[in-house]
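Colleague: Residue strings, one per chain:
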Amino acid sequence: MMDAGRHPQIELLVNSQVEDVTGFVGNYRARVRRRAQYVDPAVCTNCDDCVAVCPVVVPDEYQQGLSSRKAIYLPFPQAVPSSYTLDADNCLGFNPIACGKCLDACDPKCIDFEARDQVFDLEVGTVVVATGMEVYDPRPNDEYGYAQFENVITSMEFERLICAGGPSEGELVRPSDGRLPRKVGFIQCVGSRSVQRGVPYCSNFCCMNTVKETLLVAEHYPDAESTVFYLDIRAFGKGFEDLYRRSREAGVRYVRGLPGRVEEDAETGDLAVHVQNTLTGEIEEHRLDLLVLAVGMVPRKVTADGTRTLDEILSLSRTSDGFVMEAHPKLSPVDAPTRGLYFAGTVESPKDIKDSVTQAGAAAARSGNLLGAGEVRIEAITAMLDPDPCRLCKICARVCPFNAIEQADKKANRLPVFIEAGCSGCGTCAAECPWDAISMRHFTDEQVMAQIDAIVTDDPMEKIVAFACNWCSYAGGDMAGTSRLQYPPAVRLVRTMCSGRVDQKFIWHALRAGAPVVLVSGCHFSDCHYIDAVTWTQKRVEKAWTRMEKLGIRPERLQLEWISAAEGQKFARVMRELDDLRRQVTVEEVAETQRILDEAGDEEPTADEPARGRKARQPAGV
Amino acid sequence: MAKETKTFYCLRCQERFPVDYDRKEVVERSCPRCGSNSVRLETAAAAQRPHGSTG
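First to last, the sequence lines map onto chains A and B.
Our numbering puts the first residue of the first sequence at 1, with every later residue one more than the last.
Our numbering puts the first residue of the second sequence at 623, with every later residue one more than the last.
If we strip away everything but chain B, and leave its shape as in the complex, we get (with noise of 0.2 Å):
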């Protein structure tokens, strides 16, 4: 399967930044304002949250 441009969030400091993601490779990923690893693919949810960070 090709990869696709995805949007990743940062759980730790709300950071936006795209991936180049294929949903079955599991990779290590790091946020890259913050280095932390609590990235996960935007959901609608997380979208209407705000952006930026908390910090």
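This is chain A alone, in the form it adopts within the complex (with noise of 0.2 Å):
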């Protein structure tokens, strides 16, 4: 931190809020708001006068509430800048009763009441996310009396206790009365790999961090006793299955079992924990002097502007756990799927400290790389706009997952811009425009439709049209090849880059060349690839499922499926019911199909949208 703040090339912006990202890779521009300090850091000495005489006194955050603090005050031992802030929640100076005590005290007058929030903009090439986690907040659910009994704490606060820097000067002390405890319990997995009890994931840091608490209580107070109520421990990594041993033979009695039950003596405060030690299958009763529940981690979501998340700012998409989604989980860790930005520490998943500080230098030097070569090469699959058939109507803008669209402007009658450098190019713009106003690079409509007429010229009722994206549907027909699992060759393959791709146009063009069944396949949700685009696919297949049962054609020749690149085993069971499907279908029903479609036309305009052949839009001045 310190190097960092000193650092001629870093500017450290501290209590400072992103509160908006515009533009693309290598040209994003961010809208930074600097809250008032109140104490100008240039000129404060630290010199502690003003804390001397401040009259509130309130919780101190950093030390978990175990000891209080000032309402001007330094965060912490080591904040980077060092200098003092005022708390303006908790001042008495901002109240009509202005107290302003630490203005008479402070000599080199450095303390301004009257100070505002900045707001500005800075221009960036990328951006990091490193936003961080919370941890397992054990109130709710209160499993293990840490919100009645005094002597639980979490192992966060046990930490605190326990560093030199903490309220006590670390002497671990008992919160009921300050007497050294003897004997220590930790439970492990508290709110994590539980679905009832918290999260389901395992959070990864626990274990090792409750083995290294045990070492630190064996080597400060040899007497004492630590016993660890576990499910299992999670040693992996570089010597930390050292570490584990040496927390054994320091005498740290590890027991496999958490426990059902925590009651306390209310007269000594002492702990009585009920647990079944399933090795041994016996139930054993354990008093202790306190108990340090290892709370698991979870992921913060972080306000911009008071109304959206960074996640919205950013683009950003969760997996089912809610960290964030890399573009690749294991060929790009660190990059979110929208180029320049990346990500760093707990924000992507739970890690310890050494996975973060890694992580960071990636994500450093990902972001180096890209601004040291000066300029970005972009595939060439990107969106291209037709101003013609557009009518400004800003459906491209909205759907677009990676916010490269900059919407159209009716008033001003001006065209959406397309931001190439920042398409990804899934498609998702071009097949929901009513217009046909976009088209997609490589795969352009009349390119995707020649393949759909390719594959039916010949015996169509013998075929099953199914579109794959690129990274996992299509994959998974590789992973299904590769694996020498055998599928009915009815099947033949569209790929496009996303399912997002899948114009309806090919659905019902393919339903109208006499394809018996389309199958439109893409990623899982938590894998898209292109953020939410599977969800507009989605949307899009339940749509021409309505608009199937309206016209009397079975919805069920329209199947819809996410597999992934590895699921090769799925892509195959898929495809043999497909074709199953396929032999139910008659060759009356396509004759029927086609003379409907035929009727109908490719689509119908629904009640928000205007008709086709309206009055073409006038030349843009653009």
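No lab work stands behind these hints, which were simulated from the structure alone.
Be aware that a few hints might be false.
[As the list claims (entries may be wrong)] Some residues of chain B that are not near chain A, with every Cβ distance over 10 Å (derived):
#, residue
1, THR627
2, ASP642
3, PRO654
[Claimed, not checked] Derived BS3-like pairs (lysine-lysine); straight-line CA-CA distance at most 25 Å:
#, chain 1, residue 1, chain 2, residue 2
4, A, LYS354, A, LYS238
5, A, LYS543, B, LYS628
6, A, LYS301, A, LYS354
7, B, LYS646, A, LYS543
8, A, LYS550, B, LYS628
9, A, LYS539, B, LYS646
10, A, LYS212, A, LYS354
11, A, LYS550, A, LYS539
12, A, LYS570, A, LYS330
13, A, LYS394, B, LYS646
14, A, LYS238, A, LYS351
15, B, LYS625, A, LYS543
16, A, LYS394, A, LYS543
17, A, LYS301, B, LYS625
18, B, LYS646, A, LYS301
19, A, LYS505, A, LYS539
20, B, LYS625, B, LYS646
21, B, LYS646, A, LYS550
22, B, LYS628, A, LYS539
23, A, LYS330, A, LYS351
24, A, LYS539, A, LYS570
25, B, LYS625, A, LYS539
26, A, LYS394, A, LYS411
27, A, LYS351, A, LYS212
28, A, LYS505, A, LYS394
29, B, LYS628, B, LYS646
Ideal Cβ placement from N, Cα and C applies to all residues, glycine included.
Each of the two chains sits in its own frame; use the hints to bring them together as a complex.
Modeller: See below:
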């Protein structure tokens, strides 16, 4: 932190919040609100005189509420820049009854109650998102008495207690009576690995953190006894197993089983922990002085400007666990799907300090590579706008997962602007455009339709037209092939970069051309390489089913499937099922479908879309 | 908007099943019987059709 603060090319903006980010790779513009600090760091000498006279006492967040601070305070001893700040929410100087004692006590006169937030724009080439995580709050479930018993604390509170810079200056003391605990218990997986009691995933760092804490207890207090209640100890990583062995050798007792009940002796504050040791099958009771809950890690949602989250501003998507989703878990683990955005630390997944530092280094290197090149090389598969058919309806800008389209302005008769450097080529805009005004390079309507025509030219009744996204479903087909899994030869794949490219008219074209069954397949929602493009695929297919039903075409003939690159088995199974479905479709049914679609045309305008063929837009003055 | 329990049906095996449904929420769904993702909200027309597996 000190090095970062001193580095000539690093500007630290503390107490600041990103409120908006616009632009694209290499050309981002971030609006930043720097909150008023009320103390000029350039003048403050850290003399502490203001703190001595401040009458306001509030819990100290940094010390987990185990000690107090004043309304004017140094956030923590190693804070960079090392200067005091004023907590405006609690300071009496902002109330009608002004206090102002700190103003009088401050010799350098560095306190200014009139200071205001500063809002400014920064032009940046890349953005690294490192907004961290929260720890699980054990109070709502309170299965181990955290909200009831003073001597039940979290691992974060334990960390402050045993730290030399903590509220007790490194002395491990019981919160109830300040006495040194002789018997310390640790309960693992509090809030982790349980759908009912927290989050389903493993929080990664808790096992080794507890092992470290037991060693600290053993080193500081050789007479103290530590007992760890665990499901299993996950000691993967360099040196971790060795640390675990040292903990056992130091006399730490490991009991496999999570306690069912914790009781407190009201007189002494001692705790009785009841647990079934699953290795012996015995029910055990442990008398403890202090109980530490190894709480897990939960994702943090950052609000940017009070109305929008950082996710919305940066078009970030989240996995089912709630952590941000990377572009590719193996090949691009620090890249966001949007180019020029990178992740570092626990915003991406639960991880320990070492992994966070490694990822931060990787994000900085990726960022440096991109900026150092001076220019961005983009894929040729991007969206193109044909200005003539465009009706300035703004749908393209609304559906773009990457915010790569500046929306049209009807009043100014301004066309939407396609930012090629921001476009990742999913094709959702092209598929959703009701006016056929958008085309995808290398995946034009004509090219896709030509593939469909080629598939159904001969023996259409023997064919299944299957649209497969490049990254998952098509790769799932590859996996089936390389695994030598057999599936019917009736299946013919049409590859698109994303299932979001599959326009409804491709489906109608295939059915009209005589395809008995059409499949649209893409990535699972949490795997979509184009943030949320896959959700537009699902909406579009649902619309197509509704229309099929309305027209009298069996919706079963249009199938939807999410298949990942690893699901070769699923790919083969789905194709076998579709082949069964194909066999049930008769020549008469296909002929009837062709007749219906010939009469009905490709699409019908919905209520909020004006009908086709209306007066052409006047040429835009752009 | 609060979630309502709605009946979905599978376009692969015709299974009917209840789902906590919010119109504004687009989530990945699958048939509890066959695992297919070709599932949709049961419409009046779909309700007229035979229930249960076709396979």
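Colleague: Sort out whether B:LYS625 lies within 25 Å of A:LYS301, counting only the CA atoms.
Modeller: Roughly 23 Å separates the two Cα atoms, so the pair holds.
Colleague: Need the status of pair A:LYS550, A:LYS539: alpha-carbon distance at most 25 Å?
Modeller: Distance ~17 Å between A:LYS550 and A:LYS539 Cα, so the pair holds.
Colleague: Is the Cα-Cα distance between B:LYS625 and A:LYS539 25 Å or less?
Modeller: Holds - the C-alpha atoms of A:LYS539 and B:LYS625 are around 18 Å apart, at most 25 Å.
Colleague: Are the Cα positions of A:LYS505 and A:LYS539 separated by 25 Å at most?
Modeller: Cα-Cα ~14 Å, so holds.
Colleague: Between B:LYS628 and B:LYS646, does the CA-CA distance stay at or below 25 Å?
Modeller: 14 Å, holds
Colleague: Is B:LYS646 close enough to A:LYS543, meaning Cα to Cα at most 25 Å?
Modeller: 15 Å, holds
Colleague: Between A:LYS570 and A:LYS330, does the CA-CA distance stay at or below 25 Å?
Modeller: Cα-Cα ~22 Å, so holds.
Colleague: Keeping to a limit of 25 Å between CA atoms, is the pair of B:LYS646 and A:LYS301 held or broken?
Modeller: 21 Å, holds
Colleague: Taking the closest pair, is the beta carbon of B:THR627 still more than 10 Å from chain A?
Modeller: Holds, since 19 Å exceeds 10 Å.
Colleague: Checking a non-interface call: every C-beta of chain A should be farther than 10 Å from the C-beta of B:PRO654. Is that right?
Modeller: It holds; B:PRO654 is separated from chain A by about 15 Å at its closest Cβ, greater than 10 Å.
Colleague: So if I understand the rule, the pair passes when the alpha-carbon distance is 25 Å or less; does B:LYS625 with A:LYS543 pass?
Modeller: 21 Å, holds
Colleague: Decide if the proposed pair is consistent with the structure: A:LYS394 and A:LYS543, CA atoms, cutoff 25 Å inclusive.
Modeller: Holds, at roughly 20 Å.
Hint check: no violations occur; every hint is consistent with the structure.
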